[in-house]
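Colleague: Each chain is listed here by its residues.
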Amino acid sequence: MKNKLAELRAQRDMTQGELADALNVSRQTINALETGRYDPSLPLAFAIARLFKCRIEDVFSPK
Amino acid sequence: MAAAEVPVKHAPRIYLIEFTLVTALYVGAVLVRPWLVAHAGSEPLVFVAKVLPGVPVWLMLLVARRQYARIDEYARKRLLETITISFGIASCAMVTYIFLIDAGLPKLSIAWAWPALGAVWLLTAGIRGIVDRG
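So the protein sequences, as listed, match chains A and B.
Going by this note's numbering, the first sequence opens with residue 13, and the numbers climb by one from there.
Going by this note's numbering, the second sequence opens with residue 94, and the numbers climb by one from there.
Please note: incorrect hints may appear among the correct ones.
In silico lysine-lysine, DSS-like type, Cα no more than 27 Å apart, as pairs [said to hold, decoys possible]: (1) A:Lys75 - B:Lys170; (2) B:Lys102 - A:Lys16; (3) B:Lys102 - A:Lys65; (4) A:Lys16 - B:Lys143; (5) A:Lys14 - B:Lys170; (6) A:Lys14 - B:Lys102.
The hints are simulated quantities; they were obtained by calculation from the structure and are not laboratory data.
Keep in mind that this is a model prediction, so the values were computed, not measured.
Based on the provided sequences and hints, a complete structural model is requested.
Modeller: Below you can see the structure in the form of structure tokens.
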């Protein structure tokens with residue numbers, strides 16, 4: 013899956029650490045998501061979409 | 094507070110504290126064991142004194158379980174993958190070693206199994222950590 017996590021985070025001027033704290037995951041997890049090394053579970057994907065006030069498909073899309 | 098409710102960023106520190114405490118309990122139990130066995134008196138108490146260090150070992154399992162509940166989904170995936178890879182490497186090494194003994198290598202005590210498994214685990218986790226960082 014592709015994602016716009018880095019883009020959305022940059023728009024809100026957040027660091028990886030701040031985003032990790034907001035989602036209660038580690039900074040390594042945010043890094044793995046942004047670099048495409050890890051695809052999140054549905055609950056985490058929903059939490060990300062909720063945090064950025066958008067739909068899941070606005071953040072994630074098939075490759 | 095339940096382990097899963099702790100913020101993920103505090104998980105490594107809490108794990109270190111819990112693991113240190115349980116390790117200290119284990120070392121304490123091993124050190125005090127000979128004295129307890131010598132002074133226990135009755136047969137059931139001698140038995141309890143002899144098996145006492147086994148209790149903190151089971152607590153270590155509880156500590157590991159609590160840490161598993163605290164870490165996030167990506168860390169869980171990495172942990173399980175690391176355990177699987179380590180187990181595979183250790184199994185291959187064990188089978189190879191059996192043939193190496195036959196070829197003339199010295200036979201080691203079974204007590205080396207745990208340090209060897211631990212070393213493989215650390216090595217695998219270290220390599221994975223470096224690869225993931227890159």
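Colleague: Evaluate each hint against the coordinates.
Modeller: Here is how each hint holds up against the structure:
no., hint, in the structure
1, A:Lys75 - B:Lys170, "holds (22 Å)"
2, B:Lys102 - A:Lys16, "holds (24 Å)"
3, B:Lys102 - A:Lys65, "holds (24 Å)"
4, A:Lys16 - B:Lys143, "violated (59 Å)"
5, A:Lys14 - B:Lys170, "holds (20 Å)"
6, A:Lys14 - B:Lys102, "holds (26 Å)"
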